[in-house]
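Protein chains: 4
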Amino acid sequence: MLDKKRLAHIVFESNDRVSRLFDIVLLILIFGSVTVAILDSVQSLKDEYGQTFYYLELGFTFLFTIEYILRIWLTTKPYKYISSFFGIVDLLAILPVYLSFFVANTQLLSVIRALRLLRIVRILKLGRYLAEADFIGDSLKASAAKIQLFLFSVLTIVLIMGTVMFVIEGPEHGFTSIPVSMYWAIVTLTTVGFGDITPSTPLGQFMASVIMLLGYAIIAVPTGIVTAEMAKRKTPRHYEFLKSCTHCSFEGIELGDSYCRKCGTKVD
Amino acid sequence: MLDKKRLAHIVFESNDRVSRLFDIVLLILIFGSVTVAILDSVQSLKDEYGQTFYYLELGFTFLFTIEYILRIWLTTKPYKYISSFFGIVDLLAILPVYLSFFVANTQLLSVIRALRLLRIVRILKLGRYLAEADFIGDSLKASAAKIQLFLFSVLTIVLIMGTVMFVIEGPEHGFTSIPVSMYWAIVTLTTVGFGDITPSTPLGQFMASVIMLLGYAIIAVPTGIVTAEMAKRKTPRHYEFLKSCTHCSFEGIELGDSYCRKCGTKVD
Amino acid sequence: MLDKKRLAHIVFESNDRVSRLFDIVLLILIFGSVTVAILDSVQSLKDEYGQTFYYLELGFTFLFTIEYILRIWLTTKPYKYISSFFGIVDLLAILPVYLSFFVANTQLLSVIRALRLLRIVRILKLGRYLAEADFIGDSLKASAAKIQLFLFSVLTIVLIMGTVMFVIEGPEHGFTSIPVSMYWAIVTLTTVGFGDITPSTPLGQFMASVIMLLGYAIIAVPTGIVTAEMAKRKTPRHYEFLKSCTHCSFEGIELGDSYCRKCGTKVD
Amino acid sequence: MLDKKRLAHIVFESNDRVSRLFDIVLLILIFGSVTVAILDSVQSLKDEYGQTFYYLELGFTFLFTIEYILRIWLTTKPYKYISSFFGIVDLLAILPVYLSFFVANTQLLSVIRALRLLRIVRILKLGRYLAEADFIGDSLKASAAKIQLFLFSVLTIVLIMGTVMFVIEGPEHGFTSIPVSMYWAIVTLTTVGFGDITPSTPLGQFMASVIMLLGYAIIAVPTGIVTAEMAKRKTPRHYEFLKSCTHCSFEGIELGDSYCRKCGTKVD
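Chains as they are written, first to last, in the numbering used here: chain A, 1 to 268; chain B, 1 to 268; chain C, 1 to 268; chain D, 1 to 268.
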């Protein structure tokens, strides 16, 4: 019986076969629409299959519109959904195509559909990834203040080094302004090193060497912060198989122990 | 007495002198054939020694063919070997040369022999590297779910950032399509930074800076995951003060234990 | 009543609302002056708003001069302030503008104001970042000797590899001198890889590969040093299973304790 | 009394003022000679000061020759010194200059003097760096087998990926041979990314993305190995202030405990 309540369950939950199937079909559709948008950006493919891509996009948009209306109709709190992150993303995912009937060049915005892929998180959360995602998330949350401090320090170094390099190298060697020099300093400090701008003067190369060694060494700081946080959170190995002693209630009996190491009672 | 059983032992095991010698000779042959394939790809060397390389390759292929037939004949389960990973690799390692008698341009495939080098793992496993390889392998296996989540997040960032950069910079600055922009985003996020495509607009350079700082910071996540896993697996500190049991010689009595957990004898 | 003592409190402390407001206004002014200096370095913006930027800079300098005089007047130890790090930075932040009335091309020095942004540390220190900053600072201080040793080793590798590459590749392939080769070695070892200078000979490419693998592997050393230091400083694991004492409410009773270590009461 | 024994002490030891002074003067001379060699490689400086550099080099060589003869004369085991690492380095440091009187273009070899800088290790070892150097050295030694396994895996990936890219991109896109492709694979996997060779085909860019993500992720492995090793070696924080209980001899009384947590006895 597909009454409204059952339908709402299918759309909003994913804890039985049908609702799970709905989520997976939806994910495939989103993935398909994103793929079409990506392929459509390749000129040679657009020239050949542009028409097909256009109709596919219309099809996806039609299905997503039905889904959007369904969600508003089924939810008990429509305004809360509409103003939520996923509500806005869902609207933005269909709007550009409708706008493109009246205004040119809005279709590019349909790539915003990529954000809908984040719905995958909901399904993943129900599987074995839940604990792992929580582990990573908690570790990063606990490290947040330290990471902010680190980023603030990095940006200060970038500001000072960018300015210094602008003074040393100057516009004639590609360091056309302080913002560009700061961009170069980030490229260098993060060890990306595009090479679109490079120091040419001996002093500039010396300063660049200092920035590079700095960037090479301070990568240790965020790594250390997150690792220490994760190591702290780990389940200690030997606690994983613990049993209590039936005689003295000592709680540290490990897998493989034959006798309690506190009172000497035999373990079954 | 080189009967079939002894021969099978030599070919498939590597726990005595002769079988070990067989493995080492085989490895030298594989290494030699790979080296010839590599050198053969250098045009100047091919011009001069092309003929020699060709005969060497025929020689190696002949020996590897004998080895392949030997393995099928000696094993008690020939079909299992033929359909196994190494069985397929062994076949692919000799097939291209035979094909090249009839079809042109197949010799390149002989580089697949490089995969045969993985046989080295079998020999390494028997030495002191066994425990170490297990340690690294177990740590990575235990981190697999977390690493998958991390890669999924990275690919989402790459998809969104690639699209954003395609919109900002556009084909006129080298970001010719979303796939190319995504390639650039990976180049930037992983701090590789080839510099074949670089942002030219101020907004593009700003977004690139964000991606670079992101890539610089989130390297901490996989590092943290693997390190925490490895630190967890390390010999726990309290094993360092171990004593042996005077009764059963069990060597795992820890600081603070009152009874041997293997035989129940009181510890002094 | 804004007497001298109260004013000194406002300027030098930041533990009540008014003194905090003073610090925040000061930070906004510093941030504004730095932004103007940055924007002024962009030729197109300078052409259009150069005059505005000039008057803004005069205004900022005027306010900073008042602040500088105020600080000297209010402090009980004026010479100590003048010769302190922030005293010198404060002076250097206003001097260039006054000098520019007499000498040309000194305004660039006003970017030294960026250093004044470090005052933000004082305000941050009072908030939740204090403990975190101490944590990072202490970890780095404790790692200092090890990091120095690491940098010394890196510089030795750079010196030797730079020389070797100069001999192998030579001036005709861009390695014009040993200092330039050492710059290239740093670019390569730190995995920055600008690509402004690249090896062209097979031997040079082989040596470059060695340097790259070395740089890729030894990044583990500073990371390991800092991480081990940070992990050591983390709240020890056994505090996680704490119970409170029923008698004295001491909250640090660990798993396995039989008596409260503060009041000696037996733990159940 | 500068007898032979005292002189030998000054030259070979560095545990009193005079012998320490000798070592420091020697280090300054080595550093000076290396600096001259470096500056001499810069064409513009050589043009101007070439003559001065030449005489300085002669002077340094003269002093190093005296030192070399002194070391042979003073040591009780001259052959052992001559055939030792530093003995060979000391000889190679002076030989090129003498050879240059007869043969041209040998002076470049004088950069081998850089290796003499390693003598600094001897002096450092006596100071506060001894324990730190041992800590890093021991951690790396304990990780050696794991790091070797890691490097072997990396080289296998490089071999396979280099070959695959050579097949995909081919000589027309800069991947002129398998060795060159392997060089490119190392440049990419280690996230150096010179950009001298870059993939142009979509398939090549896809494979490059895979290599980059691989290189970005597996950096976690050596880092994890070394960090876990270093964390294992750390002095645990709470063991630093431990006392034993006077009554029950429990060895875990921490700073700040008032009562033994095992037997409840008051701690003084």
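By construction, these hints were calculated from the structure, which means they are not laboratory data. The structure presented is a predicted model; accordingly, all values stated were derived computationally and were not measured. Wrong hints could be hidden among the right ones.
Here are the computed distance ranges between Cβ atoms for each label pair [what the hints assert, rightly or not]:
#1 G50(B) / E172(D): 15 to 25 angstroms
#2 K77(C) / L92(D): 29 to 39 angstroms
#3 K77(C) / K80(A): 19 to 29 angstroms
#4 F152(D) / K46(B): 27 to 37 angstroms
#5 F152(D) / S83(B): 50 to 60 angstroms
Each residue gets a CB set at the ideal place from its N, CA and C atoms; glycine is no exception.
Now the hints, each set against the structure:
{"no.": "1", "hint": "G50(B) / E172(D): 15 to 25 angstroms", "result": "holds, 20 angstroms"}
{"no.": "2", "hint": "K77(C) / L92(D): 29 to 39 angstroms", "result": "violated, 58 angstroms"}
{"no.": "3", "hint": "K77(C) / K80(A): 19 to 29 angstroms", "result": "violated, 60 angstroms"}
{"no.": "4", "hint": "F152(D) / K46(B): 27 to 37 angstroms", "result": "holds, 28 angstroms"}
{"no.": "5", "hint": "F152(D) / S83(B): 50 to 60 angstroms", "result": "violated, 27 angstroms"}
Going through the hint list in order, the structure does not satisfy hints 2, 3, 5.
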